[in-house]
Structures are given as structure tokens and as C-alpha cells.
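Colleague: Below are the chains, spelled out letter by letter.
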Amino acid sequence: MPLTIYMPALSPTMEMGNIVKWHKNEGDSVSSGEVIAEIETDKALMEFEVADDGVLAKILIPEGTVDVKVNEPIAILMQDGESLDDITLSYSSEVSDFEEDVSSSNLLNHDIDEDTLNIDENVTSEEILVSSNINPDKELDKENIRKFITPLAKRIAHDKGIDYSTIEGTGPNGRIVKSDIQNYKLSENNQITQNNMNMIDSNNQYIETPIDSMREVIAKRLQESHSSIPSYALNVDVSITEINKIRKKMNKDISDDMRISINHLLIKVVSLSMIKVPEINSSWAENKILRYKDTDIGIAVAIENGLITPIIKSVNTKGLAVIRDELKDLITRSHEKKLKPSEYQGGTISISNLGSYGIKSFTSIINPPQSCILSVGASRKIPVIKDDAVTIDEVMSITLTADHRLIDGAVGAQFLSSIKSLIENPNLMLL
Amino acid sequence: MNFEYDVVVIGSGPGGYVAAIRAAQLGHKTAIIEKDNLGGVCLNWGCIPTKALLKSSEVYSILKKSDYYGISAKEITFDFDKVINRSRDVAKSLSDGIGFLLKKNNIDHISGNAEILDENLLKLTNKSKDRDISFKNLIIATGASAKELPNISFTSNIWSYREAMTPKELPKSLAVIGSGAIGVEFANFYNSLGVDVTVIELADKILPVEDNEISDYAKNEFEKQGIKFQIGSYVESVEEKKDGCYLKVVSNSDKSVSNLKSDKVIMAVGITGNINNIGLENVNIKTENGHILTNENMQTNVSNIYAIGDVAGAPWLAHKASHEGIIAVDFLSGLSVHPINNNNIPGCVYSSPQVASVGLTEEKAKEQFQSIRVGKFPLVANGKAKAISNDTGFVKVIYDKETGELLGAHMIGEGVTELIHGYTIAKNMEGTEEDIINTIFPHPTISESLHEAVLSAYDRPIHFK
Chain H
1 MPLTIYMPAL SPTMEMGNIV KWHKNEGDSV SSGEVIAEIE TDKALMEFEV ADDGVLAKIL
61 IPEGTVDVKV NEPIAILMQD GESLDDITLS YSSEVSDFEE DVSSSNLLNH DIDEDTLNID
121 ENVTSEEILV SSNINPDKEL DKENIRKFIT PLAKRIAHDK GIDYSTIEGT GPNGRIVKSD
181 IQNYKLSENN QITQNNMNMI DSNNQYIETP IDSMREVIAK RLQESHSSIP SYALNVDVSI
241 TEINKIRKKM NKDISDDMRI SINHLLIKVV SLSMIKVPEI NSSWAENKIL RYKDTDIGIA
301 VAIENGLITP IIKSVNTKGL AVIRDELKDL ITRSHEKKLK PSEYQGGTIS ISNLGSYGIK
361 SFTSIINPPQ SCILSVGASR KIPVIKDDAV TIDEVMSITL TADHRLIDGA VGAQFLSSIK
421 SLIENPNLML L
Chain E
1 MNFEYDVVVI GSGPGGYVAA IRAAQLGHKT AIIEKDNLGG VCLNWGCIPT KALLKSSEVY
61 SILKKSDYYG ISAKEITFDF DKVINRSRDV AKSLSDGIGF LLKKNNIDHI SGNAEILDEN
121 LLKLTNKSKD RDISFKNLII ATGASAKELP NISFTSNIWS YREAMTPKEL PKSLAVIGSG
181 AIGVEFANFY NSLGVDVTVI ELADKILPVE DNEISDYAKN EFEKQGIKFQ IGSYVESVEE
241 KKDGCYLKVV SNSDKSVSNL KSDKVIMAVG ITGNINNIGL ENVNIKTENG HILTNENMQT
301 NVSNIYAIGD VAGAPWLAHK ASHEGIIAVD FLSGLSVHPI NNNNIPGCVY SSPQVASVGL
361 TEEKAKEQFQ SIRVGKFPLV ANGKAKAISN DTGFVKVIYD KETGELLGAH MIGEGVTELI
421 HGYTIAKNME GTEEDIINTI FPHPTISESL HEAVLSAYDR PIHFK
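Chains as they are written, first to last, in the numbering used here: chain H, 1 to 431; chain E, 1 to 465.
No lab work stands behind these hints, which were simulated from the structure alone.
Mimicking PhoX-like on lysine-lysine, the simulated pairs with C-alpha atoms at most 25 Å apart in a straight line are: (1) K123/E / K136/E; (2) K224/E / K386/E; (3) K178/H / K366/E; (4) K401/E / K160/H; (5) K178/H / K364/E; (6) K154/H / K401/E; (7) K172/E / K228/E; (8) K123/E / K286/E; (9) K401/E / K178/H; (10) K386/H / K360/H; (11) K228/E / K51/E; (12) K242/E / K228/E; (13) K366/E / K160/H; (14) K154/H / K366/E.
All chains should be built: construct the whole structure from the sequences, respecting the hints.
Modeller: Okay, structure coming up:
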């Protein structure tokens with residue numbers, strides 16, 4: 001039986017992907033694990049490996065096609081002894097199945113499981129379940145119901161950044177037509193936008209920028225996080241005089257790019273504190289809390305037109321030099337948009353440092369499925385009274401924003417106090 | 001309560017007979033009442049017989065220039081009676097065809113006049129015996145009749161379309177009042193047969209509903225063929241004398257009067273719905289300006305009585321009537337219906353050259369949209385048009401610059417009435433410019449001009465700069 005290759009879901013948030021390049025032509029033999037295509041997701045450019053041996057019999061979606069929905073058939077793989085007739089037959093029957101059974105979640109889920117296994121051995125279906133905060137069944141089903149929409153309606157929806165997946169079409173066979181998009185724009189969702197639009201000073205000229213896919217994901221995820229996670233913030237000033245002393249010693253006679261920065265130390269300190277206060281190292285999974293052994297820590301990186309949070313995995317097993325090297329590599333590849341989904345998915349905490357902009361202190365929005373985020377401000381010198389004398393101390397402000405559903409205030413406070421204690425008494429890190 | 005019929009249709013034109021067939025196919029016990037020949041004006045006195053006439057004049061015109069194609073034909077003349085008779089034969093055979101279709105679909109064809117008595121009953125009057133017919137649903141498809149001007153009535157010299165297509169002899173000169181599709185087609189037909197034709201039009205352009213460029217181009221072409229136009233003018237009176245008709249033509253702008261003499265006059269100034277003598281008043285069905293008011297499902301204010309086609313208002317087109325017939329029947333059968341978007345109804349003029357259009361004119365598009373793209377392609381740059389030496393005309397498309405929506409398409413030239421559906425499909429399916437640009441058109445055909453016009457709108461034409 002020829003195998004249909006579907007557009008893979010390369011990340012939990014991925015709804016559509018662009019086929020940038022086919023590495024194989026129709027008729028080429030492929031073996032399991034071989035890269036057959038490059039697919040651009042909302043976050044990265046990915047190599048797509050085939051899971052079976054065979055012949056790439058048919059490319060259904062040509063390279064350069066953008067916005068191919070997850071689970072749309074993109075190619076057909078033929079195995080030994082199969083003829084082209086098999087392909088046509090099985091493909092057409094599959095298509096009709098697909099159309100007839102759009103509401104059958106069994107069929108769809110079956111397809112998905114197969115896909116996830118097929119595609120990327122790094123991202124197993126289990127991982128997706130764990131790392132996604134969203135009910136996977138529900139999410140995937142939504143993605144798979146094929147929406148009929150006219151080319152014009154699709155273009156207007158795209159230009160206006162309207163998610164048409166929930167719109168009921170009024171055209172022939174329920175197809176979404178232009179007026180559906182226009183009516184939608186005027187109704188529900190966009191009352192806010194409408195109000196905002198009304199408040200825009202029409203005398204003041206503005207430039208309209210279309211929403212790109214990264215902006216769409218950022219907007220969607222942060223909106224979801226901000227509206228669904230009951231969070232609170234704790235703030236503490238930490239003296240960095242001691243840790244800076246150690247840092248100076250470490251960086252002596254070391255070339256600039258090998259230096260250990262306060263960020264590297266902070267990552268280590270956060271990891272140690274997560275081990276000490278294990279409630280922090282967990283994520284909310286609707287009906288359960290998942291607590292992890294290893295500490296996976298995300299670092300917020302501002303990139304062109306957006307931001308991404310690559311993750312340093314198992315910091316608890318890594319030394320400062322390894323952390324430094326990994327971070328450097330992750331940041332470089334973040335800017336190049338070459339991260340694999342597994343490198344920015346998951347984690348339980350992120351660190352965001354706006355100190356270099358002189359920001360004194362701030363709060364951040366939790367990046368689901370993580371449970372908290374640390375906002376690190378600029379270091380500044382302050383006068384302190386020590387032994388009845390005024391001396392100079394250097395401090396920075398650290399703010400913890402935590403998900404109250406699984407981290408209570410006292411636990412958050414313990415965690416923050418552990419961080420403070422380790423930074424102010426770096427010797428304790430040896431314990 | 002039991003009714004004799006589930007659906008009764010009054011009128012068997014392209015609205016009525018299509019509605020009846022659809023109703024029968026959906027399992028309704030259906031009857032159609034017709035006082036005249038099956039097929040209505042379209043088949044008997046409109047679309048079809050005029051196309052037959054125009055084919056004759058086209059063949060005559062081609063034969064006259066046969067030498068150009070290397071064919072010698074001498075003493076080319078025509079037999080006017082034969083031309084007219086062929087047109088009548090075509091109409092009859094199609095009318096018979098409707099009878100056959102009705103029979104095949106088990107529709108009762110009832111001859112006579114119908115008058116609505118109440119919401120479920122009508123009175124049938126015919127030669128044999130009057131009787132009452134009860135119905136669950138009624139579809140009024142009585143069509144329309146040619147309008148007369150307040151001070152000019154139809155006579156043996158002042159023709160409506162009906163007399164214009166069955167004259168006993170060919171007039172020497174002809175005045176045509178009104179330059180809509182009907183006026184222009186008759187002007188073209190008679191002019192081709194050597195009649196001295198003058199067209200008087202109230203608006204300041206001919207084919208008033210068409211795009212300005214099309215109107216100008218058409219006028220220029222017809223003038224080359226010898227048709228004279230008096231635009232921006234109206235006919236105040238027609239005096240019938242023994243030696244012909246004397247028309248008093250008044251200019252809109254300066255009210256200056258000119259006199260025109262012609263053997264015959266064709267008055268083609270529009271039509272008015274056949275709303276009288278069918279008992280509308282007995283159930284208080286609402287009308288306005290000579291047509292019955294309906295909602296988008298073709299229902300009148302009496303919910304089981306529908307009105308379709310010309311009697312339900314403009315545009316007065318057979319294909320609109322048929323489509324409304326389907327909508328009415330589907331709706332009364334509980335099926336989902338998609339209301340007509342008038343911008344997706346194509347319009348055609350079967351003169352030579354032909355004119356076809358769908359959607360907004362450039363002028364209207366500019367009024368309704370912030371910014372538009374216009375593309376044009378002349379047939380002189382089309383290979384097939386050159387090969388057949390019929391390269392008069394052009395194709396024009398108008399797009400919404402913001403969304404790529406096809407707002408309008410306008411064409412003039414050889415066979416364009418057979419091409420407009422390409423744009424109509426794209427428009428109805430809400431295709432964007434990309435869908436047409438990505439479509440492969442067969443070479444060599446005039447249809448390639450549809451492709452090129454869209455390319456031109458997006459600044460990328462291949463065969464024209």
C-alpha cells in the first residue's frame with residue numbers, strides 16, 4: 001500500500017507550514033531517515049526526514065507552496081512492487097475518505113499519530129503531549145477539519161489576519177465566501193479592533209504592517225497565557241558584588257568570547273534553586289501537574305521582528321563552560337531562525353534579561369507550558385549602611401512571575417530567596 | 001388540506017418552464033399554465049429568433065467580403081422571407097422541445113389564462129371550460145411586455161420587437177428608438193441587410209449599461225458599418241404619413257429639434273412587467289414600478305406565492321429568470337439557496353461585433369472601491385483574431401487593487417458572448433487574479449485575450465505593451 005506523506009506538525013503550535021524545498025524528485029528512491037524536504041514552520045526552517053524506505057512516487061504540493069495545513073497530504077511514497085495505478089487509486093480513495101470523514105476524530109487521530117512518529121524522531125508524540133499545554137486532541141482535530149474557502153475570502157482573511165477556522169461559511173456546501181469574512185470582521189472578535197480603530201487619530205498617518213506568522217504565534221500564545229494563567233509577581237533586590245568578584249577571577253586571562261557572564265551564572269543559580277524548590281520545575285497539564293527531574297531553562301532572545309525562547313536542557317548536569325557554549329550557539333541559531341522545534345519547546349522556566357537597556361525591574365508573561373518566568377533588571381550601585389558606615393553595593397532586581405495554579409506564593413518566595421542567597425553567597429553553589 | 005398541485009407555474013418562458021422542471025424533478029406535482037406558445041418571449045419573440053436573424057445577416061456580411069478570404073462568390077443576394085421563416089422555424093422547434101421536456105417530466109401543460117383568486121386557488125380561463133385550480137405553491141412567471149412612450153404607441157409602422165422580427169417586407173429606412181441590447185441588435189441586423197438605420201438614444205452614449213469604453217468603441221464600429229446615431233436625444237413625436245414616419249427628435253442639451261423620416265420605427269425603450277389581469281389584487285401582492293416585489297428567495301409578500309424573471313424586476317435577462325426559478329423551487333422545497341448577486345449576472349449583445357460584460361463598469365468600480373486596477377487587451381494583438389481577420393474589439397477587466405477581487409469584465413469583439421462565462425465563473429467562485437493568471441488558456445483562441453487582460457491589469461502582459 002503506498003504511503004501518504006502528510007504535512008507534519010513540527011511543533012505544537014504549528015498550524016501551517018511552507019514547503020521551501022524538495023530534496024528529492026518524483027521517482028527518486030529514499031531510505032528511512034533521509035531528508036526529503038525542507039519545511040518552514042512559524043519558527044524555524046526544518047529538515048523533514050522520511051520514515052520509510054521506498055520511492056517518492058508523487059509530489060502533491062510543489063516546493064515554494066506556503067501555508068500548507070498540517071496533515072494535508074504532500075507526497076506519496078511507493079514501496080517495492082507497487083505500481084502507479086495503486087497510487088492513483090489509493091490517493092483518490094484517501095481524498096474522498098478525508099472529505100467524507102472530516103468529523104471522524106478516530107481517523108484523524110490515527111493519521112496524526114502516524115505522522116508524528118514518521119516525521120521526526122526527536123519529537124515523539126509523547127513529548128508533544130507533555131510539552132503542550134493545550135488539549136492535544138482538541139487542537140489537532142481543529143486543524144484537520146478541511147475548511148472550504150474561496151480564494152478571495154482566503155486572501156482577505158490572510159491580509160486582515162483573520163483566523164477563518166471557526167467561521168461558518170454560507171456559500172455552496174458551506175464554503176466560506178467574501179461576505180462571511182466581512183461579516184466576521186464586523187462582528188465578535190473585532191469589536192475591540194473596531195474600537196481601537198475608532199480611537200486611531202485618522203489625521204495621523206500610520207503604516208499598516210501585515211501580521212507575519214511569528215507575530216501571529218506570539219500574539220496567540222501570549223494572549224492565551226495572559227488570559228488563562230492566574231499569575232503573580234515577586235520582586236527582590238540581589239547584591240551581585242560577591243558573584244562579580246568570582247566572575248572577575250574566572251574571566252581573568254580569558255578571551256572575550258569565552259567569558260562567563262552574569263547570565264551564565266544566573267542560569268546555573270536558577271537550576272540549583274529549582275532542584276532545591278522542586279515545585280518550580282513543573283508544568284500544568286489541565287488535570288495533572290508534571291514535575292520534572294532535569295532543569296530545562298529557556299532564555300528569551302529578541303530576534304528580528306519577534307522573539308524566541310531557546311532552551312538549555314538539563315542545566316543541572318552542565319557546568320558553566322558548557323552553558324556558555326550552548327547559549328552562544330542557541331542565540332546564533334535563533335537569529336538565523338534555524339532552531340529545531342525541540343530546541344525551543346518545553347522547559348519550565350524562562351529568564352528574560354532587559355538589564356542592558358537599563359530597565360530597573362519588570363514583569364514578564366509566562367511562556368506556556370512553563371510555570372514561571374524570571375525578569376532580570378539592570379545592575380546598579382546603591383549606598384548601603386554596613387556597620388554604621390555608608391558603603392557602595394551593586395544590586396540588581398529580579399522579578400519572578402509564577403503560575404499560581406501550581407506555585408503558591410510561599411513556594412515562589414522560597415525559590416526567589418534561594419536565588420538571592422546563591423548569588424550573594426556564591427560559595428554555596430559548591431554545596 | 002389537499003391541493004390539486006404542489007406547484008403551479010404561470011408562464012412558460014425561461015423562468016417558468018425551468019422552475020416547473022426543477023419542481024417536478026424534486027417530486028412536486030406540477031402544472032404550468034401558458035396562454036400562448038411554450039417558451040415565452042425568449043424562445044418565440046426574443047433571444048432565440050433574433051439570434052437566428054442575426055446569423056443570416058452575419059452570413060450575408062461574410063459572403064460579401066468572401067473575396068478577401070480568397071473565395072469567389074458572385075451575385076450575393078438574400079431572400080428576406082426565407083430569413084424570417086428560418087427564424088420562425090427555429091423558434092417553433094425550440095417551443096416544441098419545451099413541450100417534450102414538460103411531458104418527459106410529467107408536468108401538466110395547461111393552456112389558458114390564470115387569475116389568482118386566493119392564497120391557494122386560481123381561476124383558469126380557456127376556450128373549453130373555466131375551472132378552478134388549487135395549489136400549495138404558486139410561481140408567477142408572466143414575463144414582461146415592450147414599453148410604450150407616453151406619446152408614442154405601437155402601430156403597423158411603429159414596431160415592437162415582435163413586429164420587428166416578422167416584417168412582410170424589408171423597409172428602406174428604419175429609425176430605432178433606444179440603444180439597449182434589443183435596439184442595437186435590430187439596428188445591426190437591418191443595417192447589414194442594407195437598410196438605412198438611425199438610432200436615437202436618450203443617454204449620452206449607446207448601450208447605456210455598458211462600460212464607457214465599450215459604448216464608445218461599439219458606436220464607432222457601428223458607425224463604420226453605416227448606422228447613424230443621435231445620442232443625448234429623445235423622440236418627442238412620430239407622425240405617420242403615407243410616405244413614411246416623421247420623427248421629431250429633440251436634443252437633451254439645447255432642446256434643438258431635428259426631423260427624421262423613415263419607413264418604419266422600432267421602439268425598444270425597455271419593458272414593463274406583466275402584472276395586470278392575473279389577480280394580484282385579490283391577494284394584495286405588492287408591486288412597484290410595474291414589477292412584483294420579492295425577497296431574495298423570490299417570495300412575494302404572500303409566502304407561498306413566488307415571482308421570478310422579468311415580472312420580478314430588472315435585469316431583464318432570460319438566464320436571470322431561469323436562475324430565479326431554481327431559487328424559488330429549491331427554497332419552497334426546503335433546500336438551501338444562494339441568493340443572486342446581480343454583479344455576477346452576465347449581459348450580452350449579439351450584434352457584430354458582439355458585446356459581453358459582467359459586474360461593475362470602470363466608472364461604478366471607481367465609485368465603490370478605493371483603488372482599482374484596470375487591464376485591457378486589444379484583439380488586434382491576438383493570434384486567432386488575426387488569423388480569422390476579425391480583430392475588432394478588446395477585453396477589459398477591473399480588479400479591486402486591495403483584494404484582487406474581479407469587479408467587472410467587459411468585452412467587445414468576435415464571439416465574446418461565448419467567452420464571458422470564463423470571467424463569470426471566476427467571479428462567482430470568488431477567484432482572484434491569481435486563479436486566472438494560473439489558468440492555461442488554449443492557443444490559438446480569442447479566449448487567450450481573457451488571460452492577457454488580467455496579466456495587463458497586473459502590469460505583466462506578454463503580447464501587448
